[in-house]
Amino acid sequence: MAPNKVKRTRFVCVSDTHNCTVKLPKGDVLIHAGDLTNQGSYSELKKAVEWLEKAEFEAKIVIAGNHDLGLDSQFYREYGAYFHNNQEARESQECIDLLTSSPSLTYLNHTSAAVRLRDPKGPQTVFKVFGSPYSPRCGAWAFSYERSDAWRPDAELSSNRKTLPSLQEYHASLSAKDVWSAIPLDTDVLVTHTPPHLHCDEAASQRRALGCEDLRQALWRVRPRLAVCGHVHEGRGAERVTWDIAGAPGGSINVRYGELSVERWQDPGAAGPGRNTKMSLLDLTSRNGNRALDNDGSASVSAQHAEASAAADLRTSHGNQLQDGQLSPDTARPGSGTLGLGGDPDFSARCDRAALSGRMGRRETCVVNCAVMGSSYPHVGGKRLNKPIVVDLDLPVAKPEPEPA
Numbered sequence: 001m002a003p004n005k006v007k008r009t010r011f012v013c014v015s016d017t018h019n020c021t022v023k024l025p026k027g028d029v030l031i032h033a034g035d036l037t038n039q040g041s042y043s044e045l046k047k048a049v050e051w052l053e054k055a056e057f058e059a060k061i062v063i064a065g066n067h068d069l070g071l072d073s074q075f076y077r078e079y080g081a082y083f084h085n086n087q088e089a090r091e092s093q094e095c096i097d098l099l100t101s102s103p104s105l106t107y108l109n110h111t112s113a114a115v116r117l118r119d120p121k122g123p124q125t126v127f128k129v130f131g132s133p134y135s136p137r138c139g140a141w142a143f144s145y146e147r148s149d150a151w152r153p154d155a156e157l158s159s160n161r162k163t164l165p166s167l168q169e170y171h172a173s174l175s176a177k178d179v180w181s182a183i184p185l186d187t188d189v190l191v192t193h194t195p196p197h198l199h200c201d202e203a204a205s206q207r208r209a210l211g212c213e214d215l216r217q218a219l220w221r222v223r224p225r226l227a228v229c230g231h232v233h234e235g236r237g238a239e240r241v242t243w244d245i246a247g248a249p250g251g252s253i254n255v256r257y258g259e260l261s262v263e264r265w266q267d268p269g270a271a272g273p274g275r276n277t278k279m280s281l282l283d284l285t286s287r288n289g290n291r292a293l294d295n296d297g298s299a300s301v302s303a304q305h306a307e308a309s310a311a312a313d314l315r316t317s318h319g320n321q322l323q324d325g326q327l328s329p330d331t332a333r334p335g336s337g338t339l340g341l342g343g344d345p346d347f348s349a350r351c352d353r354a355a356l357s358g359r360m361g362r363r364e365t366c367v368v369n370c371a372v373m374g375s376s377y378p379h380v381g382g383k384r385l386n387k388p389i390v391v392d393l394d395l396p397v398a399k400p401e402p403e404p405a
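Mapping to full-length UniProt numbering: the sequence shown position 25 is 25, numbers consecutive.
Honestly, the hints are just simulated from the structure, not real lab data.
Backbone N, C-alpha and C fix where the C-beta goes; we use that ideal spot for every residue, glycine too.
Don't take every hint at face value.
With a cut-off of at most 25 Å between alpha-carbon atoms, the simulated DSS-like pairs for lysine-lysine come out as follows [unchecked claim]:
#, residue 1, residue 2
1, Lys399, Lys47
2, Lys278, Lys7
3, Lys60, Lys399
4, Lys23, Lys54
5, Lys383, Lys399
6, Lys23, Lys399
7, Lys383, Lys121
8, Lys278, Lys26
9, Lys47, Lys278
10, Lys121, Lys7
Simulated restraints, written as ranges between beta carbons of each label pair [stated by the list, open to error]:
#, residue 1, residue 2, range
11, Lys46, Ala271, 29 to 39 Å
12, Gln206, Asn276, 46 to 56 Å
13, Arg8, Leu260, 21 to 31 Å
14, Ala349, Lys26, 45 to 55 Å
15, Lys383, Glu403, 52 to 62 Å
16, Gly358, Ala81, 27 to 37 Å
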């Protein structure tokens with residue numbers, strides 16, 4: 001069978017804009033990985049949505065972040081009054097409607113969408129995206145969950161940050177493992193607000209990694225081509241992660257969720273002694289002698305997307321959203337004894353077959369933390385803004401749609 005034809009698709013990635021409406025480079029797909037605002041008021045969200053709607057991209061994918069309070073209906077219903085006065089107070093649904101009613105935005109709230117780019121002048125590619133606003137608890141903010149105890153930073157274990165009534169009970173209603181086990185295995189592009197543990201998550205000012213280990217483990221199982229995140233402003237950058245899925249040789253036998261290598265991206269648009277006008281471009285294609293991303297998306301999955309995409313419409317392909325902390329069940333979880341173990345799924349019973357069977361071509365994932373806000377509150381020395389990160393990625397071209405009968 002001939003391999004699927006692929007074309008370069010340009011993603012422009014931003015996160016943590018916090019009410020800033022930055023200039024966006026041209027591209028095919030815009031991704032905003034959360035924290036559009038400072039406190040998620042209706043007026044803040046309205047301004048952010050108007051900015052995104054004016055941006056000229058064929059597809060625009062948006063998730064919330066922990067600062068976008070008005071988009072977390074359960075949190076806002078119980079604690080919104082602590083943040084917004086009567087003048088700013090609105091029903092959470094009004095805030096959510098700003099995004100869900102937009103004709104040009106795909107708002108994902110722990111849901112998936114099948115995206116098909118249809119512009120004849122564009123790449124006409126297809127991909128599956130999953131987006132989630134959740135991040136580990138850090139103070140009194142929205143879309144939060146408790147970390148697994150084994151991966152909780154010492155500062156969180158030793159202090160009870162119960163700053164609002166019953167807030168700890170709200171966070172405890174969500175399990176980190178349950179949150180991230182909901183990511184479909186056929187995801188090509190993953191958009192989360194939090195970064196995974198030890199990848200683009202270093203907060204130098206706090207001298208610790210703030211990402212989520214349960215998300216990193218979920219990445220090993222899913223192995224998307226692209227994992228876009230933000231949240232940790234100082235972690236801005238990108239890393240190419242090669243997963244240990246064979247188990248040996250070159251890897252570690254019986255080590256769960258292993259990695260073979262991590263390659264840090266060198267930003268061509270980084271600020272230097274003089275003004276750097278170059279774009280922050282990350283090229284994951286084989287053009288110009290680059291090493292292409294080692295991830296075929298699993299050919300059968302890519303073909304599946306191309307077949308099904310004719311019926312998928314960007315404006316109507318939102319899945320069922322989470323309601324009041326209820327998570328969709330993970331229907332593909334194998335026995336816990338094999339979770340995260342590499343090996344040959346055709347011969348080994350001691351490997352994570354659900355994550356590996358027919359998917360051994362998904363060997364590498366690029367993690368991109370695209371936080372625009374480079375400093376954190378109280379912004380000592382003034383706010384510092386980063387450039388959007390532009391990612392070029394080869395994706396399968398969609399098959400022609402059938403002629404109407």
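Checked hints:
1. Distance hint between Lys399 and Lys47 is unfulfilled; the C-alpha atoms sit about 38 Å from each other, more than 25 Å.
2. Distance hint between Lys278 and Lys7 is fulfilled; the C-alpha atoms sit about 24 Å from each other, no more than 25 Å.
3. This hinted pair checks out: Lys60 and Lys399 have alpha carbons roughly 22 Å apart, not beyond 25 Å.
4. Note on Lys23 and Lys54: the hinted pairing holds, with a Cα-Cα distance of about 11 Å set against a maximum of 25 Å.
5. This hinted pair does not check out: Lys383 and Lys399 have alpha carbons roughly 46 Å apart, beyond 25 Å.
6. The suggested pairing of Lys23 with Lys399 is violated, with an alpha-carbon distance near 34 Å, which exceeds 25 Å.
7. For the hint linking Lys383 to Lys121, the alpha-carbon distance of about 38 Å lies beyond 25 Å, and the restraint is violated.
8. With a CA separation close to 14 Å, the supplied pair Lys278 and Lys26 stays within the 25 Å bound.
9. Among the hinted pairs, Lys47 with Lys278 is inconsistent with the structure: their alpha-carbon atoms are about 28 Å apart, more than 25 Å.
10. As the CA atoms of Lys121 and Lys7 are separated by approximately 12 Å, the hinted pair is consistent with the 25 Å bound.
11. In this structure, Lys46 and Ala271 meet the distance hint of 29 to 39 Å, their C-beta atoms being roughly 32 Å apart.
12. The supplied range of 46 to 56 Å is broken by Gln206 and Asn276, whose beta-carbon atoms lie about 28 Å from each other.
13. Checked against the hint of 21 to 31 Å, the C-beta distance between Arg8 and Leu260 comes to roughly 26 Å, which is consistent with it.
14. Checked against the given bound of 45 to 55 Å, the beta carbons of Ala349 and Lys26, roughly 50 Å apart, stay inside it.
15. In this structure the supplied range 52 to 62 Å holds for Lys383 paired with Glu403, their Cβ-Cβ distance being about 53 Å.
16. In this structure the hint that Gly358 and Ala81 lie 27 to 37 Å apart at CB is violated, the actual value being about 51 Å.
The structure fails hints 1, 5, 6, 7, 9, 12 and 16 (numbered hints given earlier, in ascending order).
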